[in-house]
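Got chain A sorted already, so can you dock chain B onto it with the hints?
Residue numbers (my numbering), protein chains in the order written: chain A, 699 to 1025; chain B, 1275 to 1459.
If you are wondering where the hints come from, they were derived from the structure by calculation, not from laboratory data. We put the beta carbon where it would ideally sit given N, CA and C, even for glycine. Not one of these hints is a red herring.
To give a feel for the contact side, a few chain A residues facing chain B, derived at Cβ under 7 Å:
#, residue
1, Leu818
2, Leu821
3, Ala822
4, Ser825
5, Val828
6, Ile832
7, Trp836
8, Leu875
Listed next, with one range per pair, are the computed distances between beta-carbon atoms:
#, chain 1, residue 1, chain 2, residue 2, range
9, B, Gly1281, A, Thr807, 29 to 39 Å
10, A, Phe761, B, Ala1297, 29 to 39 Å
11, A, Lys762, B, Ile1338, 29 to 39 Å
Just a sample of chain B residues kept apart from chain A, beta carbon distances all over 12 Å, derived:
#, residue
12, Gly1290
13, Val1294
14, Ala1296
15, Val1370
16, Phe1375
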Amino acid sequence: MAATLLIDAIKSAVILGGVLTAFAYVTLLERRLLARFQLRVGPNRVGPLGLLQPLADGIKLIFKEHFVPAGADRLVYLVAPLITVVAALFVYAVIPIGPPVRLFGREVTLYVADVNIGVLLVLAASSIGVYGIILGGWASDNKYALLGGLRSSAQVISYELALGLAVLGVVLAAGSLSLVDIVRAQSHLWFIVTQPAAFVLFLIAAFAETNRAPFDLPEAEQELIAGYQTEYGGFTFAMFYLGEYVGVITMGALITTLFLGGWQGPLLPPVLWFLIKVFAVVCVFIWVRATLPRLRYDQLMALGWRVLVPAGLLNLAVTALVIVARG
Amino acid sequence: MEAVLFGITAVLALAGGVGVVAARQPVHSALALLLVLLSLAVDYLLLAAQFIAALQVIVYAGAIVVLFVFIIMLLHTRSGEGPRAGAGLPRAGAGVLCGLFGLALLALAAGVRETAPPPAPGFGTIQDVGRALFGRYLLPFEAASALLLIGMVGAVALGKRLRPAGDPSPGRPQAPPAGGPARAR
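Pulled out of the complex, with its shape left as it was, chain A reads as follows:
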């Protein structure tokens, strides 16, 4: 019992450390890649190739003055970024990053928990994450922040539906809600091949869920300054930032797990395969941001409710029919 608890604690610590490091370097990756897309150089002065830039950014943010706006609701204002961070990190408990390995004479699984309802847990965490945004926007006592928060929560709730419908197609095909079983079900054929519609739906909904371009309306600079983050600075701002980028990495890990066969792949070690696939998906996120302009708000809502949700329902029905027909 105690040994199991210790192993779980170590695994959690390693995963959290890994995710936080990945967060720091995804910010650098995004800045460098965006610069390349726009024929610039990007930050390359701090350390070799600019590799120490995230560290410099972090130190700068920590040493900034801690500031709460005069009209703000202090408690809610401070709790909101916390909710974002916790909800974003919570998901990693159920994502398998590799097959069981033998370490120090003991079988160790490379996930913290294989729960019967893994996918639902992921969806639940993302639905709690909405609170960070909506409360942050409200508590700031700023009309731009409030409008950004309202926009964002409406957007996230709408696209959660499309996201869930896309996941359901995969769940039906795999016959399980456990992410470990879903990876195992892809040992012959990845779900991106058998569930292409679900993959496209999931990808589009993932852009909207993470408030990324082309769906970054909650922080549309020209209209809303910075949306719900307007009144945040220093460390609390860094926490929102962290939540956002960890969300992107989470979506990468989820797409890898649900559609790209998880840690499975030839020759290279499984954990490396997992990391390569997540990296590729994150690069796609950055690439899309550099390519597509922002949608209008009504276009966003029309796309979500009139296109993605019906398409998701259709995909679900077809998948169910095929499974029943096969027996």
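Showing chain B alone in chain A's frame:
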């Protein structure tokens, strides 16, 4: 272990319940309600009903309370804090009712067995819940879903009828919401 966890969640749920009633800001009430719902989700987990626990978080915490918060923000920030009418009951009456409710709870608790039998293997998993819903309870389940659908259609129909004729931008608020907590105070 379980008793300790239950104690913690029970205290949190009760604190949340008091918070819902006592908070002066509507948003704080909604947050206290969120605390109650999340504590209940942990209680479901303790009862080995993991699927229900996840649904509790997704549906109640993730959708319904978000909707509450959303509506409070759209309405109350514009109009200022709504009139806080008295509870509608004299204090003595409220006290008597609370006492009666407590007695009823005590009577119920006295009849409860000390230890419940351990759940069967597979209890509370999604397979188990699915089999129950689409097997034994198929008719009530489908009836409830039809009822919910009727409710939704009815709400949309009522919303359409209440809109004044000739409104150029249907469904949009007349003025943007005007700010955060300070203005609501």
